[in-house]
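Colleague: Residues per chain are reported as follows:
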Amino acid sequence: AQKITQTQPGMFVQEKEAVTLDCTYDTSDPSYGLFWYKQPSSGEMIFLIYQGSYDQQNATEGRYSLNFQKARKSANLVISASQLGDSAMYFCAMREGPGGYNKLIFGAGTRLAVHP
Amino acid sequence: DAGVIQSPRHEVTEMGQEVTLRCKPISGHNSLFWYRQTMMRGLELLIYFNNNVPIDDSGMPEDRFSAKMPNASFSTLKIQPSEPRDSAVYFCASSLFGYGYTFGSGTRLTVV
Chain A
12 AQKITQTQPG MFVQEKEAVT LDCTYDTSDP SYGLFWYKQP SSGEMIFLIY
62 QGSYDQQNAT EGRYSLNFQK ARKSANLVIS ASQLGDSAMY FCAMREGPGG
112 YNKLIFGAGT RLAVHP
Chain B
43 DAGVIQSPRH EVTEMGQEVT LRCKPISGHN SLFWYRQTMM RGLELLIYFN
93 NNVPIDDSGM PEDRFSAKMP NASFSTLKIQ PSEPRDSAVY FCASSLFGYG
143 YTFGSGTRLT VV
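Protein chains in written order, with the numbering used here: chain A, 12 to 127; chain B, 43 to 154.
Keep in mind the hints are simulated off the structure, nothing from the lab. Glycine included, C-beta positions come from ideal geometry on N, C-alpha and C. The reader is advised that the hints may include incorrect statements.
[Unchecked claim] Facing chain B, according to a computed beta carbon distance under 8 Å, are these residues of chain A, among others:
| # | residue |
| --- | --- |
| 1 | G54 |
| 2 | E55 |
| 3 | A119 |
[What the hints assert, rightly or not] These stretches of chain B come out as covered by chain A in the derived footprint (C-beta under 8 Å, 3 or more residues):
| # | segment |
| --- | --- |
| 4 | 83-89 |
| 5 | 122-131 |
Could you put the whole structure together from the sequences, leaning on the hints where they help?
Modeller: Okay, structure coming up:
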C-alpha cells in the first residue's frame with residue numbers, strides 16, 4: 012500500500028510567488044516523522060524541513076513551512092517567495108515510529124519549475 | 043563534518059561483472075540506509091542497518107544484491123552478477139536515531 016502520496020507530478024510557479032506542494036500519508040502508528048527533501052538537477056538530496064507527529068506547531072525553516080494537518084494526514088510544503096533556484100524535484104518522506112530504528116520511505120516526488 | 047561519502051561517483055560496467063558500491067556514514071550516526079533511485083520506481087529503500095546490524099533487507103531486489111556493514115564507519119553494497127536493469131543511482135544515507143537523515147552524493151551505476 013502506498014504510504015506517501017504526492018499527487019502533483021509537476022508544478023510551476025512564477026518567481027517571487029508562493030507555492031504549495033501536496034503530500035498525504037498513511038500510517039496507524041501514533042508516532043511518526045515527516046520530512047521534505049529537495050533534489051536539484053545535480054542529483055543530491057537536500058533536507059529541507061521536519062515535522063514530528065506530536066509537534067504542536069507547524070515547522071518552519073526560512074522560506075519553507077510545513078502545513079501539517081494531522082486529522083487529514085497531510086503534510087504540505089509551502090515555499091514562499093519562490094526563487095529560480097527552487098526549481099527541482101521535491102520529495103515527501105515519512106518515518107514510522109519514534110526516532111530510533113526506523114526507515115524513511117519516500118513519495119514519488121513533485122517536479123517544481125520556477126518561471127521568471 | 044564531511045557528510046556521507048560514497049564512492050565511486052560513477053560506475054560503468056559490463057553485464058555479468060561484479061560491482062561494489064561504498065559508503066562512509068557520518069561519524070556517530072547509528073543507522074545506515076541504502077536506496078536506489080530510478081525513473082520508473084522512484085526512491086526505493088533496499089536495506090538498512092542499525093548499529094552495524096542489518097534490520098530490514100526486504101527491499102533488496104534479489105540474491106544478486108548483498109550489503110555489509112563490517113564497522114560503524116563503512117558499508118558496501120555489492121551486485122553480482124550485474125544486469126542492465128540494475129542501472130540506477132544508488133544513495134547511501136545515515137541517521138542518528140531517525141531525527142535527521144543525511145544523504146551521500148550517490149553513485150550513478152550504468153550496466154551495459
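Colleague: Look at each hint and say if it fits the structure.
Modeller: The hints, checked one at a time:
For A:G54, the shortest C-beta to C-beta distance to chain B is roughly 6 Å, which falls under 8 Å, so the interface hint holds. Annotation: interface hint on A:E55 holds; nearest CB of chain B at approximately 6 Å, less than 8 Å. For A:A119, the suggested interface contact is upheld, since its CB lies about 5 Å from the closest CB of chain B, less than 8 Å. Under the rule that three or more residues need a Cβ within less than 8 Å of chain A, the assignment of the segment 83-89 of chain B holds, with 3 such residues.
Counting residues of the segment 122-131 of chain B whose C-beta lies closer than 8 Å to any C-beta of chain A gives 1; at least three are required, and the coverage claim is violated.
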